Amino acid sequence: MNIEKGKISSQQLLFLVAGFVQGSVLLIDFTVGITEQQTWIVVFIGLAITTPFFLSFVMLAKRFQGMNLIQINDVVYGRLMGKVVSAYYIFFFLMTLSFNIRDVGELYITFLMPDTPFIFFLTVFTATCAYAVAKGIEVLARVSHLFVVTGLFVIISTFILLIDQMDFSNFLPFFELPFVRMFQGIHIMSAIPFGETLVFLVIMGCLNNTKHMIKNSYIGLLIGTISLLIVSARNTAVLGRTQTIWTSASFQSIRLIDIGTVLTRMDFLIGIAQTVLIFFKCCLFFYALVVSLSQLFGLKSYLPLVLPLAGIEVIIAATVFQSPVDHASITQNAGIIYSAPLMFIFPPLSLLIAKIRGLPRFERGKGK
Amino acid sequence: MFGYIFKKIRYLSLKNKDKSMLQDTIAKKNSEPISSDLERNLEVIKGILSDSSDVTIHEFNFGHDRRFKGALIFINSMVDKEEIHKNVLQPLMYGTLLLNKDIDMDFTQIDTIRRNLISMIDNLKVTLLSDLLDNLLAGATILLIDGSKEALVINPGKRESRAIDEPGTEAIVRGPREGFSENVNVNIALIRQKIKVPDLCVEKFIIGDKSKTDIFIVYIKSVANPKLIEEIKKRLSRIKVDAILESGYIEQFIEDNPYSIFPTISHTERPDKAVAKILEGRAAILIDGTPFVLIMPMVFIESFQSVEDYYSRPFLASIVRVIRFLSYIISTLGPAIYVALTVFHQELIPTQLLISIANGRERVPFPAILEALLMLFTFDILREAGVRLPKSVGQTVGIVGAIVLGQASVEAGLISPIMVIVVSSTAIASFAVPAQTGSGTILRYIYLVLAGLAGGFGVIMGLLATLLHLASLRSFGVPYLWPIAPLDFSGLKDTFIRMPLWTVSKRPKAIVWSDFDSYKQSPDLMPSPNGEGN
Numbered sequence: 151m152n153i154e155k156g157k158i159s160s161q162q163l164l165f166l167v168a169g170f171v172q173g174s175v176l177l178i179d180f181t182v183g184i185t186e187q188q189t190w191i192v193v194f195i196g197l198a199i200t201t202p203f204f205l206s207f208v209m210l211a212k213r214f215q216g217m218n219l220i221q222i223n224d225v226v227y228g229r230l231m232g233k234v235v236s237a238y239y240i241f242f243f244l245m246t247l248s249f250n251i252r253d254v255g256e257l258y259i260t261f262l263m264p265d266t267p268f269i270f271f272l273t274v275f276t277a278t279c280a281y282a283v284a285k286g287i288e289v290l291a292r293v294s295h296l297f298v299v300t301g302l303f304v305i306i307s308t309f310i311l312l313i314d315q316m317d318f319s320n321f322l323p324f325f326e327l328p329f330v331r332m333f334q335g336i337h338i339m340s341a342i343p344f345g346e347t348l349v350f351l352v353i354m355g356c357l358n359n360t361k362h363m364i365k366n367s368y369i370g371l372l373i374g375t376i377s378l379l380i381v382s383a384r385n386t387a388v389l390g391r392t393q394t395i396w397t398s399a400s401f402q403s404i405r406l407i408d409i410g411t412v413l414t415r416m417d418f419l420i421g422i423a424q425t426v427l428i429f430f431k432c433c434l435f436f437y438a439l440v441v442s443l444s445q446l447f448g449l450k451s452y453l454p455l456v457l458p459l460a461g462i463e464v465i466i467a468a469t470v471f472q473s474p475v476d477h478a479s480i481t482q483n484a485g486i487i488y489s490a491p492l493m494f495i496f497p498p499l500s501l502l503i504a505k506i507r508g509l510p511r512f513e514r515g516k517g518k
Numbered sequence: 060m061f062g063y064i065f066k067k068i069r070y071l072s073l074k075n076k077d078k079s080m081l082q083d084t085i086a087k088k089n090s091e092p093i094s095s096d097l098e099r100n101l102e103v104i105k106g107i108l109s110d111s112s113d114v115t116i117h118e119f120n121f122g123h124d125r126r127f128k129g130a131l132i133f134i135n136s137m138v139d140k141e142e143i144h145k146n147v148l149q150p151l152m153y154g155t156l157l158l159n160k161d162i163d164m165d166f167t168q169i170d171t172i173r174r175n176l177i178s179m180i181d182n183l184k185v186t187l188l189s190d191l192l193d194n195l196l197a198g199a200t201i202l203l204i205d206g207s208k209e210a211l212v213i214n215p216g217k218r219e220s221r222a223i224d225e226p227g228t229e230a231i232v233r234g235p236r237e238g239f240s241e242n243v244n245v246n247i248a249l250i251r252q253k254i255k256v257p258d259l260c261v262e263k264f265i266i267g268d269k270s271k272t273d274i275f276i277v278y279i280k281s282v283a284n285p286k287l288i289e290e291i292k293k294r295l296s297r298i299k300v301d302a303i304l305e306s307g308y309i310e311q312f313i314e315d316n317p318y319s320i321f322p323t324i325s326h327t328e329r330p331d332k333a334v335a336k337i338l339e340g341r342a343a344i345l346i347d348g349t350p351f352v353l354i355m356p357m358v359f360i361e362s363f364q365s366v367e368d369y370y371s372r373p374f375l376a377s378i379v380r381v382i383r384f385l386s387y388i389i390s391t392l393g394p395a396i397y398v399a400l401t402v403f404h405q406e407l408i409p410t411q412l413l414i415s416i417a418n419g420r421e422r423v424p425f426p427a428i429l430e431a432l433l434m435l436f437t438f439d440i441l442r443e444a445g446v447r448l449p450k451s452v453g454q455t456v457g458i459v460g461a462i463v464l465g466q467a468s469v470e471a472g473l474i475s476p477i478m479v480i481v482v483s484s485t486a487i488a489s490f491a492v493p494a495q496t497g498s499g500t501i502l503r504y505i506y507l508v509l510a511g512l513a514g515g516f517g518v519i520m521g522l523l524a525t526l527l528h529l530a531s532l533r534s535f536g537v538p539y540l541w542p543i544a545p546l547d548f549s550g551l552k553d554t555f556i557r558m559p560l561w562t563v564s565k566r567p568k569a570i571v572w573s574d575f576d577s578y579k580q581s582p583d584l585m586p587s588p589n590g591e592g593n
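Line by line, the protein sequences are chains B and Y.
Mapping of the first sequence onto the working numbering: residues 151 to 518, in sequence order.
Mapping of the second sequence onto the working numbering: residues 60 to 593, in sequence order.
Please keep in mind that the hints were generated in silico from the structure rather than gathered at the bench.
Just so we're clear, the structure is a prediction, and the values are computed from it rather than from any experiment.
Just so you know, not all the hints are guaranteed correct.
Selected chain Y positions facing chain B (Cβ under 10 Å, derived; list incomplete) [claimed, not checked]: (1) Leu509; (2) Leu512; (3) Gly515; (4) Met520; (5) Leu522; (6) Leu540.
Here are the computed lysine-lysine pairs in the DSSO-like style, where the Cα-Cα straight-line distance is at most 27 Å [what the hints assert, rightly or not]: (7) B/Lys285 with Y/Lys286; (8) Y/Lys286 with B/Lys155; (9) Y/Lys67 with B/Lys155; (10) B/Lys450 with Y/Lys67; (11) Y/Lys271 with Y/Lys292; (12) Y/Lys67 with B/Lys285.
C-beta atoms are modelled at their ideal positions from N, C-alpha and C, and glycine is treated no differently.
Isolated chain B, as found in the complex (with noise of 0.2 Å):
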């Protein structure tokens, strides 16, 4: 039995996936200190290469109909198999969920409220995205399209502002820059953005109608991806080679709009929607966290969990990192390596086992 008794409809999917990846428009930021002027190439790249893995999330989620990830796992793995690899999944969602918060905490901090205390932000931020997830995925998905528009709206009008500030030889030249760093952009760009997609794999069990669910869900990857592109050009032409220097690139170029003085410091709608994406994909991603924890317990309601769950959020993002610089170079370096297998290993391989052994043959599933 599912835990969750919401539906919701592959239009909301759509949504929720695009403003899921959009939720990751801060981390172009990480990328640019590895890959410079090509980060957009490696947006694309990036999406190649996820695009199959992808696919292979969503089709796992069609073949085990009304199932989540725990499941899933359960049924392929076994039950005692599946309950590592779900504990894995869940490691997973815990220490990604507490990035993502801190990630917050830091561009308040570092851009626009240096003299609060750090730990307020993520409190009141974890408080609300604990608020969100205890209304249910339902009410999330109904809000979805508002979050991607938000973000499609500041992405593509700062865009607009700033045409004139561009200068496109920045892109050049091309392939300049050694494979090894090349790679390990790719990776970061295939694994953070593209790859935490794999926590639909909890959401796509609350379907109604799995009919379009992998169009739509490929469609709202691909909105995502242009969001990503957009603001990846955007910096790069924009600043050039400075973008590497700044904190935050998109900051440091939203900064730049001057539109006969009257347009001026616009750096708060990035702020804001920034602040807003995150929260989406803050509140998807804990309620993957709290929902496979549930599951994995048989607990009857995920409800429970919800607020010593984001304790422990504030908790682990308050003393995970010593500064934002070790956040980056962790993530950039360790953080991709650990959680490769969730996202090309394992989905791939249940849904080779699903096929092999025919599965799923028990409709009643084994989870409580």
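Please build the complex by placing chain Y on the supplied structure of chain B, with the hints as guidance.
Structure of chain Y alone, referenced to chain B:
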């Protein structure tokens, strides 16, 4: 854990409720039937109503030989005595006197009297003493005949009521000037005058152990969702209270989200508005004794619509609607944004403006958040005082409060002039959306405190929480944020802007639900001067 305790408490209270309901039905079953002995009946009634000096019992004999005995019972203050005299007493006493002796009618049968003598239309038979008392206390006249186990309830028809007047709360420039009044029968007539179809249902409920208030559900059977009607009836039937004095009582007993600051049932004083909503598939609840009619389900955007939007041409109406949305945003976020900007994000303010703000705040001894709270609080006091005071004094309060107090506090350096501007524009904006004044006021304070604590971050978090809360609300099964969330493009035609009437050919999807009867007009109504159609 708390959930468990709450469940337990609810279970216990439900159990008790069941018991009391059971007792009630037993009491009903045991209530005495009317006996055939008139003397005995009158004795019982006198015993029950002994302390009411306004109950009149008039005993009389009738029949051509005066051998039948009868009694009329009514409450002096509630009955038109002339009508009763002309249509009941006169036929009974003089009419029967003139009867031919050969025609021997048995006047101990209520039916005979009812068919042959009573010339008032609105009458019914009752056999139980409790029914008799209910009707008597509701203003009817009771006719008891010696030898009959039945009593006749005669309704005098007329009742004192206010004339149909222009509604006090929802004034408009173009449109009908009539408003609902306190008399529920008049209100039903006002609706019937506008919807002349046989399947306009008017179902009666009587709620309130003491007040026995008449409550009517009005809907169009072929348009309204049967599940909605069923749900309304179910919720109404579980109300067990002493009295229903106003529509607000019913609203608070049947709403979906009693802990939300947003109303999920709308109310109106305008028949045209009520009718428009009934035609869309909603149901109206009319309550005797109040001009406010409840309408459900309600969606959030309804608060921003006015009937006049549809009476005037679409262009201005659309602009006005956008203005209403903006006013709601200003009224909730105005002071919060001011505080967030001046305290946390000064770098976002253009330099010239920043200098003038700083100049204004130079002498102010309070932090901006306290200043804003003080001003908002004063404004709310002014508003409250203005509403409750007699009209003649109200103006004085306005002048003293707004002009003298505002001017003096700025000159004394207690408040910065810009804060006065912010708060007064907030105040004006808050009146542009009357249906959400309550939620707007509360949100204003919440956002203000959040802005004072955490600047823009706090406001964004507050907005997100509000959005999610709104999206989670439902009113009788209809998502509160429809058509924005869940997204419905056909519903958006009448949301932020109002498209011309001829483009909106279907009823709102969320409210009708089924495709059955979703068309309210033919889809090709675009006017074309040559009459060729388009």
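Verification of the supplied hints:
1. Leu509: Hint holds; Y/Leu509 Cβ to chain B Cβ min 9 Å, cut 10 Å.
2. Leu512: Status holds, d = 8 Å.
3. Gly515: Holds - the Cβ of Y/Gly515 comes within 10 Å of chain B, reaching about 7 Å at its closest.
4. Met520: Holds: closest Cβ of chain B sits about 5 Å from Y/Met520, inside 10 Å.
5. Leu522: holds, 9 Å
6. Leu540: Holds, about 7 Å.
7. B/Lys285 with Y/Lys286: holds, 25 Å
8. Y/Lys286 with B/Lys155: Roughly 21 Å between the alpha carbons, so the hint for Y/Lys286 and B/Lys155 holds.
9. Y/Lys67 with B/Lys155: holds, 23 Å
10. B/Lys450 with Y/Lys67: holds, 17 Å
11. Y/Lys271 with Y/Lys292: holds, 17 Å
12. Y/Lys67 with B/Lys285: Given pair Y/Lys67, B/Lys285 holds - Cα atoms ~23 Å apart, limit 27 Å.
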